[in-house]
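There are 2 protein chains.
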Amino acid sequence: MTYKPFNQTPDALTTLLAVARGDAEADLVLSGGKLVNVLSGEIYECEIAISGGRFAGISRQAGTYQGRETIDLGGEYVAPGLIDGHVHIESSLCVPAEFANAVLPHGTTSVVSDPHEIANVHGIRGIRYMLSASEGLPLRVFVMLSSCVPATDMETSGARLSASDLAPLLDEPRVLGVAELMNYPGVIGGAPDMIEKALMAHEARVRADGHAPLVGGLGLQAYAAAGVTSDHESVGAEEAWEKLRAGLHILIREGSTAKNLDALISIVNEHTAHRCSFATDDKQPDDLAREGHIDHALRKAIAHGVDPVLALSMATINTARHYGLNDLGAVAPGYHADFFTFSDLHEVRPNRVYAGGKPVAENGRLLGRTRSNVPHPPNSMRVATISADGFAVRAAGQSVRAIGVVPEQIVTEHLQVAAELRDGKAVADTARDLLKIAVVERHSGTGNIGLGFVQGVGLREGALASTVAHDSHNIVLVGATDEDLAAAARSVVEMGGGLCAVRGGEVLARLPLPVAGLMSTAPWEEVRDGMEALLGAARALGSPLLNPYMALAFLALPVIPALKITDRGLVDVTQFKIVPLFLED
Amino acid sequence: MTYKPFNQTPDALTTLLAVARGDAEADLVLSGGKLVNVLSGEIYECEIAISGGRFAGISRQAGTYQGRETIDLGGEYVAPGLIDGHVHIESSLCVPAEFANAVLPHGTTSVVSDPHEIANVHGIRGIRYMLSASEGLPLRVFVMLSSCVPATDMETSGARLSASDLAPLLDEPRVLGVAELMNYPGVIGGAPDMIEKALMAHEARVRADGHAPLVGGLGLQAYAAAGVTSDHESVGAEEAWEKLRAGLHILIREGSTAKNLDALISIVNEHTAHRCSFATDDKQPDDLAREGHIDHALRKAIAHGVDPVLALSMATINTARHYGLNDLGAVAPGYHADFFTFSDLHEVRPNRVYAGGKPVAENGRLLGRTRSNVPHPPNSMRVATISADGFAVRAAGQSVRAIGVVPEQIVTEHLQVAAELRDGKAVADTARDLLKIAVVERHSGTGNIGLGFVQGVGLREGALASTVAHDSHNIVLVGATDEDLAAAARSVVEMGGGLCAVRGGEVLARLPLPVAGLMSTAPWEEVRDGMEALLGAARALGSPLLNPYMALAFLALPVIPALKITDRGLVDVTQFKIVPLFLED
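Read top to bottom, the protein sequences are chains A and B. The numbering used here puts the first residue of the first sequence at 1, with every later residue one more than the last. The numbering used here puts the first residue of the second sequence at 1001, with every later residue one more than the last.
No lab work stands behind these hints, which were simulated from the structure alone. From the three backbone atoms N, C-alpha and C, an ideal C-beta is built for every residue, glycine too. Careful: at least some of the hints might be erroneous.
[What the hints assert, rightly or not] Using C-beta positions, here's what the derived DEER-type ranges look like: (1) B:Ser-1162 / A:Thr-70: 39 to 47 Å; (2) A:Thr-9 / B:Thr-1070: 58 to 66 Å; (3) B:Leu-1583 / A:Arg-60: 35 to 43 Å.
[Stated by the list, open to error] One side only, chain A facing chain B, incomplete, derived with CB under 7 Å: (4) Gly-22; (5) Ala-204; (6) Glu-270.
All chains, full assembly: derive it from the sequences and hints.
Next comes the structure, spelled out in structure tokens:
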């Protein structure tokens, strides 16, 4: 079921045409359903013939087509399979097969992914692993080539990818273009490596995705002029309008941390809807289980009053068209037979889900599980010796910069607070929710540790650690004592990467992520349960955040304002430079 | 100014970004204009900076950009240059440079062309001629690869093109895909050569255009299942709706003969508009001068009540997006600076027209003429000896089939009429408007002559001849006597191809078309004047048709119902086979 547009033999096409004409029996005929036709904007009763994994023909006359199998849909609606316009599969903490198992019951049959996380750990080898690990899945996984590895020069990543490293991958059938050019200051300023990557996409006539948080005015004009054609970072409607006007396709994001639909849905009208799609960007397995995937965004949009057919178009054909997927995103002759059924237009809950003409889920349950047996790259953890002393901050002033966590957002505040000084060191002060944050380099054993303080995580004791730390995926830690920071760091190194919560040197919960320190090969439900245990432990330690690990993962991402931290220190993202921890008195 | 998407050097892109940011001077700044933003559906005042032939930035704040040249648009609207979604340039009777001179003042800056006519005469050499003759023009000429040469096996063409002949041309930068698969019965029936050409497009991830007149029901399902993604042949709204539902992009055609906008415009609504575009298909120079080009369709659509911004989208961005032209069809950063200005939203008349940032027309007048100096293929006429006897029809029954011309349409009626018998021959009977029609093979001197009768051309005497005779472009003739048919045929052979009108052996008017018997290298205005002289002559001979030459040109096209004629005889297009002239008594 590997995607290649119209990947057909002459024989398969000949058979498809015979079925379409009614001259040969279909594999499957769906009768008694109401088609949501996202091409014409209509809903009508019809009969649908499927052959060789594709729609052969749709007839409004019952009894037109004969099939080896016939299913009476009993008046249910039929819509094309949902498409996630931009996702980092790694954020599900699951390998592609398990991600597929998690999202297929939600009606998602295709995703446009950016393997940016594993690329930062394993480089081209990581991208190739994601391609082979997603080959042949019932979920169609498309890949955009990670363009900013590392995201900045202010951190140590596991790899560094130039345009010439990426170019050979453009020939892979499921590679659709160049992924988000997240070094937006570089693009706007005309940095040679960004120019080179933008031109690589243009030469190949493929899409270059964008990432331009809070970028407007002349900076946005320059960013668009570079040939970037999408953006998924808008947090406000006026920001999104400005991007639409400049030619960017708007991916409205509803993920685990960044939830932008409520703020953005007002941009959708009859002129703009077909330049808008849905995306999740980053979504963890517990959220996938609880809320759903693209179906969740769809329901929210419809609840906001968007016409259900228009909303379904945003979740299907609009995304397919933007990425040049000419045989996906609609129930129409020749298109891949990816679809789902549902019974309520105003509360779309996928019932039967089909991919490539085969049933994959029913009523929220997977039918038959795909297991991953693709070998993954070996242990990625290369860390210098860890000790509590390594996390000590020598006092060098009275006040420090602190990262202010904004709940449910990946932007942070750049705070200035009085340091808590003890024995010539600046330490955590849980009374003020001032915790220590650290980033330990873990790709090449440099021993780099970036140190700082954070407000808003809320731990009263203990520490949390994660090797999921956008974008370089070093070890990010937050804690009340240096001892617990060290214990947490040691725990994730032992696991070959993963997440943990510790208190007084004891590991309360842990989730191994042996694939690049980012993904588990376990069934996604186990990952979800492991995640829930970790969240329970974090709550027990005092954190009021819905998901402090997700918050943590973005505190190391120096391309999102305002103050972030890497293994090289604190980054003022607005200035795009490393800044000292202590403020001049 | 040759098109290649984002055909930019790193230096050019670096400069473009600097201009966008306001850090470098633009080549040109347009101020005081109201932008029709087809991406957001809005109209607003703004300032537009252009650099290196592209839009660098658009600012809603006056005085943002500095330019070496500034133009105050004095409140005029600014819209992207118009795009013709499907045109056979040969139908203008002009080589590409002169076609460009004719359409640029009408605001057309890009066309998606199918060199199907010259391909039927000169094969790949003809397609390559059209590519080189359109290289570097201010008009961007894109090419779809003619897929049905010859259109059928029921005629003799000058070439025969297989998928393997065409495939190497897919690498040409301005080649966008496979042109209209006009052998629709072949596609629907799964003919191996059509399957091969459809799969060629799919493999290359490019568009395959459609041509499916009056095709609906299961035939349409099969046609769409083959991966065809557009159609420009609908004559009725219900036909177009059915095609839209099946996934075909609808090109609403307003040409010289086929005028479908009045019948189709009702399909345009907020759901469907972005799957609809405008096209001319075939338009002669006199009509271009009188009515205009895509601007004519635009005005008609707006007069029908279509929102002007939506109508402008259909004339620009919708077409660009369909064909994957990601930097055309909008006034937005990074897009080619092709645009025009106008003063009345409800009566769009292009004033200033710019292509690639350079002024090319103003107030309907060309600014500086592009001349063609590309050598064209040599004389294409190879005709056996012509004599009046060759046009004689031996009586073989009492009644004959006759082609019934439908004014302003390219479909015909299949009539059965009493033959006019004289001396054992069936002859023309001008009293009943029953004229003789003939098609003389002219590519390889076979001596083939197809003979028949036609009603509706209206000549009372004389004859008309043309080497523009879709699609094989043999010599098509209609006349009252065999002597005048022979004289007309001799005249066009002498010219190396062209059009003429004769009476009593005397040539009343003639227009040489030395390029493949299809195009003149003369200035388009001369061609228009020549055409008008020919039309005057045809009127003098009694024809009531607006353009009997255009009607004639389509009477030999055996892919459009109902009865047509080729050098091999009469073709019943509904049955798709050659049928005898005389009916069994």
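These are the hints, each one checked on the structure:
no.: 1; hint: B:Ser-1162 / A:Thr-70: 39 to 47 Å; result: holds, 40 Å
no.: 2; hint: A:Thr-9 / B:Thr-1070: 58 to 66 Å; result: holds, 59 Å
no.: 3; hint: B:Leu-1583 / A:Arg-60: 35 to 43 Å; result: holds, 38 Å
no.: 4; hint: Gly-22; result: holds, 5 Å
no.: 5; hint: Ala-204; result: violated, 9 Å
no.: 6; hint: Glu-270; result: holds, 3 Å
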